[in-house]
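Participant: Here are the chains, one letter per residue:
Protein chains: 2
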Amino acid sequence: MLGNMMQQPLLISSILQHANQQYPEQEIVSRQIEGGIHRYHIKDLNSRAKRLANALLKMGASPIDRIASLAWNTYRHMELYYATSGVGAIMHTVNPRLFNEQVEYIINHAEDRILFIDLTFVEKLEALQDKLTSVEAVIILTDRANMPDTRLPNPICYEELIAAEDDDFEWPSFDENAAACLCYTSGTTGNPKGVLYSHRSTVLHAMASCMPNALNLSSDTVVMPVVPMYHVSAWGAPYAALMAGAKLVLPGNGMDGKSLYELIDSEQAELLLGVPTVWLTLIEYMDKIGKKLESVKTLGVGGAQAPLALAKAFEEKHDAYLMPLWGMTETSPLATFVTRNKKIDSLPLTDRYKMQTKAGKPVFGTEIEIFDDNLQTLPHDGTTYGNLKIRGPWVIDKYFKNDSTKDFVDGWFDTGDVATIDQDGYMQVVDRKKDVIKSGGEWISSIDLENAAIAHETVKEACVVGVPHPKWDERPLLFIVPVEGKQLTKEDILEFLTDKIAKWWMPDDVIFLAELPHTATGKLLKMSLREEYQHHLC
Amino acid sequence: MLGNMMQQPLLISSILQHANQQYPEQEIVSRQIEGGIHRYHIKDLNSRAKRLANALLKMGASPIDRIASLAWNTYRHMELYYATSGVGAIMHTVNPRLFNEQVEYIINHAEDRILFIDLTFVEKLEALQDKLTSVEAVIILTDRANMPDTRLPNPICYEELIAAEDDDFEWPSFDENAAACLCYTSGTTGNPKGVLYSHRSTVLHAMASCMPNALNLSSDTVVMPVVPMYHVSAWGAPYAALMAGAKLVLPGNGMDGKSLYELIDSEQAELLLGVPTVWLTLIEYMDKIGKKLESVKTLGVGGAQAPLALAKAFEEKHDAYLMPLWGMTETSPLATFVTRNKKIDSLPLTDRYKMQTKAGKPVFGTEIEIFDDNLQTLPHDGTTYGNLKIRGPWVIDKYFKNDSTKDFVDGWFDTGDVATIDQDGYMQVVDRKKDVIKSGGEWISSIDLENAAIAHETVKEACVVGVPHPKWDERPLLFIVPVEGKQLTKEDILEFLTDKIAKWWMPDDVIFLAELPHTATGKLLKMSLREEYQHHLC
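Here the protein sequences line up with chains W and B, keeping their order.
Read in order, the letters of the first sequence correspond to residues 1 to 538 in my numbering.
Read in order, the letters of the second sequence correspond to residues 1 to 538 in my numbering.
Keep in mind the hints are simulated off the structure, nothing from the lab.
Misleading hints may appear alongside valid ones.
Computed list of chain W residues with no C-beta within reach of chain B, every gap over 12 Å [claimed, not checked]: (1) G257; (2) K258; (3) P307; (4) D381; (5) W412; (6) M527.
Partial list, derived from the structure: chain B residues whose beta carbon lies under 10 Å from chain W [claimed, not checked]: (7) Q8; (8) Y23; (9) N191; (10) R200; (11) P212; (12) N213; (13) T221; (14) M243; (15) T339; (16) K343; (17) E367; (18) F371; (19) F496; (20) V510; (21) I511.
Positions of the beta carbon are idealized from the N, C-alpha and C atoms, including for glycine.
Here chain W stands alone, though its shape is the one from the complex:
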């Protein structure tokens, strides 16, 4: 027997509609690509998104159409988010930091028909345009006065496009499982893979994100997503902030310390979202100018494990809580959090900082578990390594245009991470599965070894890979890039590690390099080192 409740679909347009009805005067403040600060209100976003929706429908956007963006965090990108998904088309956010070949692959693979770009990416697109097979129109996110001189054929001016339209528009209703947004992951191997979010997954993810056990968003919050809208939808902040009626502060392309601080301070941002390197940039700048982040209460940090020193620095210098959160493109992304709570606050600071290097515990809706290679669950003791799997209504169940079921077994998505889960449910990623070193039946975390080595003052960068070993299957090799102008010996670093790691973790050799291989998005390319050094110990 079914319940007798309304079958209202969970649609992205319902978020904007709610925000416009309940918080029309709430501000959205953006650093503009053309320079200066732009501010308007949710009611203006609503009106302009509706104009854009009318324009998109004239351009032929329909449920099967992909509309792509190469753009920073601004109000115009927000309008594009809501208009595209709102009319039933798919918002494909392209990461402009990828190599041109990857951008080309992604846009062609997604079959994007309309492309919206910021001024900063005109040149990149000029270099690519001849290779794009599906794009029919390019819109530049600016006004007439700032339209660039470009080799792009018939570029459309965004402000002219929407000025020509009416803001009278009724968002259509459709299946909540319809595709809403598309985002590609850039792995260290193979072509990027697409994750196709639905309206349902996006709305449920936003609802969970608003909860106090997660981002804790209310109409009082001033939230500034520094994580880009081209990277997993800025962790969903454009949706969650509007759902909560929060004030949204968008940094545009002002990602340097000075620009970030000025915007934080002028808008009194309380909750910031970003990756560790951004917070390192910010704290270095704050150290330089000798000021305190007065308004900031919480800095959500994700994308990589935050160093303990970062949590300590924000606490002690800025009275701000660095809140780890974890997820992947495949998980929308938010799944786990180290939310500040009474228990965390009751810990001695050194223990608390340690907690703040973990990935966190799941918010309602996501479930995580660690498994051994025989698919048996492993104990939650904080030390046992296992393959981390996740499931829930905002977790992927297949890649876009890809029928491989390799990562999807028994209803779980295999993250490819190796992790521990402690007694309280806090998860910690210890390594990528392909990078963990399997030595004599036990696992060694390459990341933990790298973190131990990087703590040496003469080490600029460290990388650990497992290479074949005749007796132990694999043993760790440590690669070091020393700080410029400094010298370091193998004995120095091994001696330094002695009291920091288990004895059997000790690298079998140390190799000094001038630089390490990286992907376009800055990830270490361990694969190439593993290949090059595969015979080093055999």
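Model the placement of chain B on the given structure of chain W, informed by the hints.
Facilitator: Just chain B now, kept in the frame of chain W:
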């Protein structure tokens, strides 16, 4: 094109599963019907709910079965909630305060097969049992030592029932639109009508309830639902609290001031939920003992408009915020809130108290609107009266076993209330539609008139109804029950009202009565007064 995300159904069992995985050690504290305080942890609730699930399946509970309860807020009732919906049966909470005839009607109409009752309701059931047509088994929510001497045939002891079972149980997965819970509304006319909630509606309602713009529930919260679990699922607190990992404090049948205060104080409850009369009882008791509610931050109040004096008293004497919330059985029930926020806090206290008599603004998921009789929307100016309608995924779309579409037009549920909505989206119920007085094309709120009259110190109870009038269609009649032993004249009261209401609102006559007619749940029976006095002005 559909998204590629997991199709995990939103099931009530997933709430318990999440709570058990993430907050197994969180406490649930109950005042026992047998006396004394009981405390255990979420992991115990989980284990006992699974035992009960095994027992229910042996008793033949299946998706079409209704399982009823006549019970207070205790851990055993919690177990019943989760086990019943968890196995796919329907949890029917029966309101024991209804007249016996209504209880009989409800249980027979619902076709309840199994009945779980608290010790306090054994006598009530004995009086009813011969008239119940579907009930096959009665379980008494107690242990063997406390089993009563009863005329009920073969009563089953709850603790024995579950002790015989294993706690190894896997919650089944099924359609999230499956029916989960059933609750009857008791109107002032006709038979009670059933509202059949789905798993989806219940889970979405709980997610919204956790948000900071709503109840603001986290794993730090200590929440005490004083509103009974037999009344619209204690406003969903049994679900939302577990979803957030909050500590749950259940008052059992200890609804007097002393019992409430002792539990609040010993458990340091922060968030309380209840109807105005309960908070009046509590504050009177606190006045009597001359103590402060130290732990309480927020008192959610709903079910009726809270008097301004109550908000003022809690603020000034207890430093606690009385938070209005509004909803109906038909809306799961939570829909709107006057959440404490910066804007509310910035108001002068007298204005803030006024705001705290409103019903609130919608949380994400519910949408409200006011309409005139021609289905045109009306301005949100805080003064225009309109028919209040609501829609959203936890709003009813038909009554149980009832095909009437009268209240369901154009996708909205007609609440039967007359309300205003102000510029900021705050709604205020001004009257029931059938009670509003239509005088010369304008509407007069019977409730506002009653509130004005009740402010007179010699008025114990006041009631206003509209009766036919040759010139104005309807005019208000005021009925007064004076404070015992006191005298009052028509002139006194009309004089008193002069500067408190619009001149054209002035009642055409005042009638003094020894008592007013009420329903079983304490609602004024205006209908009978309207009938009796229909010729009074003609």
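Participant: What hint numbers does the structure not satisfy?
Facilitator: Checked against the structure, the hints that fail are numbers 5, 9, 18, 19, 20 and 21, while the rest are satisfied.
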